[in-house]
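Enquirer: These are the residues of each chain, in order.
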Amino acid sequence: MKSDTFWRYATLAPAVILFVLLTILPLFNLLALSFNEIEWVNREAIWKWVGFRNYARLPNDTLFNAGILNTILFAVVAVAFQMVLGFWLALMTTRVTRLRIFYRTVFILPILVPGIVIGAIWKLMYSYDFGIINQIILWFGGNPVDWLGNPDLALMSVIIVDVWHWTPFCFLLMLASLESLPQDIFEAAEIDGAKRWQVLRYVILPLMMPAIIVTFVFRMILAFKVFDEIYLLTGGGPGTATEVISFTIYRRFFTEDQSGYGSAMSLATIAVIAALIILATRFATRKGPEQ
Amino acid sequence: MTDHGRAAPLARHAVLFGFALIVLFPFVWIVMASFKTQIALLMGQLSFSPTLFSYDAVINGKTSDFLTNFKNSSIIAISSTTIVLTVATLAAFSLYRLSWADWVLRILLAWSVIFHMVPPITLAGAWYTMFRSIGLDNTYAGIILAHTTINLPMALWMMGVFIKDVPKELVEAAQIDGAKTPRVLWDVVVPIVRPGLAATGILCFIFSWNEFPVALTLSQRATATVPLGIGKYAQENTIAFTEMAAASTLSIIPAFVLLIVAQRFIVRGLTSGAVK
Chain A
1 MKSDTFWRYA TLAPAVILFV LLTILPLFNL LALSFNEIEW VNREAIWKWV GFRNYARLPN
61 DTLFNAGILN TILFAVVAVA FQMVLGFWLA LMTTRVTRLR IFYRTVFILP ILVPGIVIGA
121 IWKLMYSYDF GIINQIILWF GGNPVDWLGN PDLALMSVII VDVWHWTPFC FLLMLASLES
181 LPQDIFEAAE IDGAKRWQVL RYVILPLMMP AIIVTFVFRM ILAFKVFDEI YLLTGGGPGT
241 ATEVISFTIY RRFFTEDQSG YGSAMSLATI AVIAALIILA TRFATRKGPE Q
Chain B
1 MTDHGRAAPL ARHAVLFGFA LIVLFPFVWI VMASFKTQIA LLMGQLSFSP TLFSYDAVIN
61 GKTSDFLTNF KNSSIIAISS TTIVLTVATL AAFSLYRLSW ADWVLRILLA WSVIFHMVPP
121 ITLAGAWYTM FRSIGLDNTY AGIILAHTTI NLPMALWMMG VFIKDVPKEL VEAAQIDGAK
181 TPRVLWDVVV PIVRPGLAAT GILCFIFSWN EFPVALTLSQ RATATVPLGI GKYAQENTIA
241 FTEMAAASTL SIIPAFVLLI VAQRFIVRGL TSGAVK
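If you read the protein sequences in the order shown, they are chains A and B.
Under the numbering used here, the first residue of the first sequence is numbered 1, with each subsequent residue one higher.
Under the numbering used here, the first residue of the second sequence is numbered 1, with each subsequent residue one higher.
One thing to keep in mind: the hints can contain errors.
Which chain A residues stay away from chain B? Per the calculated CB distances, all over 12 Å, these [unchecked claim]:
1. P59
2. V76
3. G142
4. D152
5. R282
Okay, the calculated bits of chain B under chain A, using three or more residues with CB under 8 Å as the criterion [claimed, not checked]:
6. 17 to 26
7. 41 to 51
8. 147 to 155
9. 179 to 186
Hints were generated in silico from the structure; no laboratory data involved.
Owing to the predicted nature of the structure, the values given are computational and were not obtained by experimental measurement.
All C-beta atoms, glycine included, are put in the ideal place defined by N, C-alpha and C.
I would like the entire structure built from these sequences, with the hints used as guidance.
Expert: Structural data, given as structure tokens:
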């Protein structure tokens with residue numbers, strides 16, 4: 001029996017050690033860093049205590065404010081479009097039997113491709129001079145658009161890429177949920193003389209709510225991490241038009257070598273995101289079906 | 001009214017097919033661009049004679065690190081996947097079959113969810129500082145450790161889903177027969193969860209292969225991965241668009257091959273674990 005206890009701990013230990021050393025310890029490390037200014041001299045870190053000064057800088061940092069705002073705007077708009085489009089397409093295409101494997105391959109492909117490659121693809125397509133999108137506009141007699149260089153359009157252009165990137169996945173999840181609903185419910189509703197939108201509003205939507213919430217939360221989490229596509233498409237520009245929070249942290253911590261300030265920003269971001277996710281989950285579950 | 005007002009089958013098919021074309025078109029476009037000369041691309045020519053020039057430049061070019069990037073990505077993705085599969089399988093087996101108290105399970109799962117929600121770049125700074133002070137910066141080991149940790153939450157709850165499917169009686173019977181825990185795990189559990197291991201492993205491999213921000217912060221030229229190599233093209237003053245397209249096309253190949261040959265595992269992984 002002794003060896004059983006040993007193995008019980010031995011099997012769980014690697015995961016716990018990994019979590020402690022690489023997630024919990026770094027959080028304390030960030031906390032310590034955030035009260036200091038760090039200078040590197042010959043691979044040696046020189047710490048200088050600055051109290052709350054790093055945190056005090058945050059509210060006045062235009063890049064940080066733009067980063068938080070753009071990230072929230074990006075996440076909310078992109079995910080909203082993906083959910084609605086994915087849901088609508090699933091409603092339109094239920095019970096597709098032909099070419100299933102072909103469709104599934106096509107719709108899974110975008111999420112298995114590196115984000116940086118998604119950025120590269122759209123950088124080419126959005127190009128002012130030779131991109132296919134401006135070429136099509138020219139064919140129809142319009143004027144070319146500076147999709148990524150115009151500060152008023154850049155964030156929208158980036159959101160379009162994300163909608164293209166993730167709508168297929170939302171669609172697959174919505175479709176799977178829709179196909180798992182008992183079909184006789186629709187027939188019963190039909191016999192009762194329910195109108196189409198009534199069936200949608202009072203039958204389909206409530207039944208699909210769990211799948212909708214799961215997809216929504218999953219997408220929101222990923223949307224807040226956005227980095228790769230924007231790194232390649234705009235680099236956060238023009239100006240601060242597409243600056244997102246991961247970008248600001250990267251810039252402050254690594255490009256500008258402000259470890260202390262970057263750490264304060266990291267912790268503030270974690271706090272903001274945690275608060276937002278809790279709020280969103282509360283909201284989503286409150287709006288859920290009354291059971 | 002017979003089809004409760006849904007679109008006719010033909011229209012349904014047209015919508016779906018149109019959607020698939022919109023999703024597929026950008027990929028076709030970038031593969032086409034990779035076979036064009038820079039001039040043909042800039043002129044926007046639709047008909048062109050395909051050339052392997054860009055591939056030659058990416059693979060054999062003096063200033064191109066692409067082969068090194070490919071080697072680095074392979075080493076990092078395969079190592080981190082192997083480690084995370086081992087760690088997650090052991091932990092999931094321990095949590096679900098070795099009678100841990102409920103709070104242990106809850107705390108570990110809750111923490112992995114919280115960590116999964118946080119953008120990795122927020123911890124990358126701390127990883128960089130810690131790794132640098134113990135000489136792990138710009139090494140494979142540092143990036144492998146980071147990727148292992150990033151994938152651990154997903155691997156943990158995916159393997160949890162699969163291990164919960166292993167009948168308790170089977171494990172208990174083996175234990176009563178006097179089998180030690182490693183034997184039970186290797187002879188009873190692993191053969192049953194093999195499809196789950198495949199599903200989890202494929203996703204972990206692809207996510208490590210694709211991961212960008214953390215690799216960007218933890219590596220320099222010698223350990224740079226494929227996404228970093230592609231990202232570098234966009235940083236040049238005059239972007240070599242066709243070479244960027246060729247490098248992008250090459251970088252998709254591993255995921256594409258896996259999607260074709262192991263689709264059922266990927267679908268299973270995405271539906272059973274990644275989302276739930």
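Enquirer: Does each hint hold? Answer for all of them.
Expert: Results for each hint:
1. The Cβ of P59 (chain A) sits about 18 Å from the closest Cβ of chain B, beyond the 12 Å cut-off, so the non-interface label holds.
2. Listed as outside the interface, V76 (chain A) is consistent with that label: its C-beta sits roughly 16 Å from the nearest C-beta of chain B, beyond the 12 Å cut-off.
3. Non-interface call for G142 (chain A) relative to chain B: holds, since the shortest CB-CB distance, roughly 15 Å, exceeds 12 Å.
4. A cut-off of 12 Å between C-beta atoms confirms that D152 (chain A) is not in contact with chain B; the least separation is 22 Å.
5. With a cut of 12 Å on Cβ distances, R282 (chain A) stays outside the contact zone with chain B, its closest approach being about 15 Å.
6. Under the rule that three or more residues need a Cβ within less than 8 Å of chain A, the assignment of the region 17 to 26 of chain B holds, with 6 such residues.
7. Only residues whose C-beta sits within less than 8 Å of a C-beta in chain A count toward coverage, and the region 41 to 51 of chain B has 4 of them, enough to reach three; the restraint holds.
8. Residues of the region 147 to 155 of chain B with a Cβ under 8 Å from some Cβ of chain A number 3, which satisfies the need for three, so the listed coverage holds.
9. Only residues whose beta carbon comes within less than 8 Å of a beta carbon in chain A count, and the region 179 to 186 of chain B has 4; three or more means the coverage holds.
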